Amino acid sequence: MNWVEPSAEELAALRADPLLFEQELDVRPEVAQALETTLGFRAGRAHWRTQAGTLYAIELGDFGRGMPSMAIVYGFWPRFEPRPLNDTEIDEDLADFCLWMADACDGLDLAEVRQTLQFAMPSRQA
Numbered sequence: 002m003n004w005v006e007p008s009a010e011e012l013a014a015l016r017a018d019p020l021l022f023e024q025e026l027d028v029r030p031e032v033a034q035a036l037e038t039t040l041g042f043r044a045g046r047a048h049w050r051t052q053a054g055t056l057y058a059i060e061l062g063d064f065g066r067g068m069p070s071m072a073i074v075y076g077f078w079p080r081f082e083p084r085p086l087n088d089t090e091i092d093e094d095l096a097d098f099c100l101w102m103a104d105a106c107d108g109l110d111l112a113e114v115r116q117t118l119q120f121a122m123p124s125r126q127a
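Heads up, the sequence shown is in this note's numbering, so the first residue is 2 and it goes up one at a time.
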């Protein structure tokens with residue numbers, strides 16, 4: 002993952018589009034705690050940029066349970082434009098994120114995620 006700190010000016014010109022939402026992250030405490038350890042925060046937002054230059058973010062929320070309680074993944078597009086029509090690129094980017102997450106988090110099996118992606122995206126070689 003290519004973690005970045007976008008400038009306030011860049012973010013002001015972009016629209017955050019929620020793509021994935023997990024409202025019960027703490028049901029899998031090992032995953033929630035691994036994300037907190039890996040990202041370095043219990044509540045907050047970390048951005049990454051793909052090789053194609055697309056900006057994404059993961060946001061964790063803590064609802065007082067001692068670990069991240071929810072997570073949202075955002076894609077960022079030009080403020081007044083719709084989501085890019087090339088959903089394949091977004092799918093590929095999210096698949097890469099899923100693989101990163103499975104590798105980074107205890108409680109997730111990287112082989113299972115790869116197999117799931119092969120069923121969901123037959124053209125992809127995970």
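It is possible that some hints are incorrect.
Computed Cβ-Cβ distance ranges for the label pairs, DEER-style [as the list claims (entries may be wrong)]: (1) E113 / F81: 37 to 43 angstroms; (2) G65 / Q119: 34 to 40 angstroms; (3) F64 / Q116: 17 to 23 angstroms; (4) F120 / G65: 33 to 39 angstroms; (5) G108 / N87: 18 to 24 angstroms.
Rather than coming from a laboratory, the hints here were simulated on the basis of the structure. Just so we're clear, the structure is a prediction, and the values are computed from it rather than from any experiment. The beta carbon of each residue, even a glycine, is placed where N, CA and C say it ideally should be.
Exercise. Is 18 to 24 angstroms a correct range for the gap between the Cβ atoms of G108 and N87?
Worked result: This hint is violated: roughly 32 angstroms between Cβ atoms.
Exercise. If you check the beta carbons of G65 and Q119, does the distance land in 34 to 40 angstroms?
Worked result: About 39 angstroms separates the Cβ atoms of G65 and Q119, which means 34 to 40 angstroms holds.
Exercise. Would you say the C-beta atoms of F120 and G65 sit inside 33 to 39 angstroms of each other?
Worked result: Cβ of F120 to Cβ of G65: about 37 angstroms, so the range 33 to 39 angstroms holds.
For this session: Evaluate the given range 37 to 43 angstroms for the C-beta pair formed by E113 and F81.
Result: Roughly 40 angstroms apart at Cβ, these two residues keep to the hinted range, so it holds.
Problem set entry | Beta-carbon spacing of F64 to Q116 - inside the hinted bounds 17 to 23 angstroms or not | Violated: the Cβ-Cβ distance is about 32 angstroms, outside 17 to 23 angstroms.
Against the hints set out earlier in the document, violations occur for numbers 3, 5.
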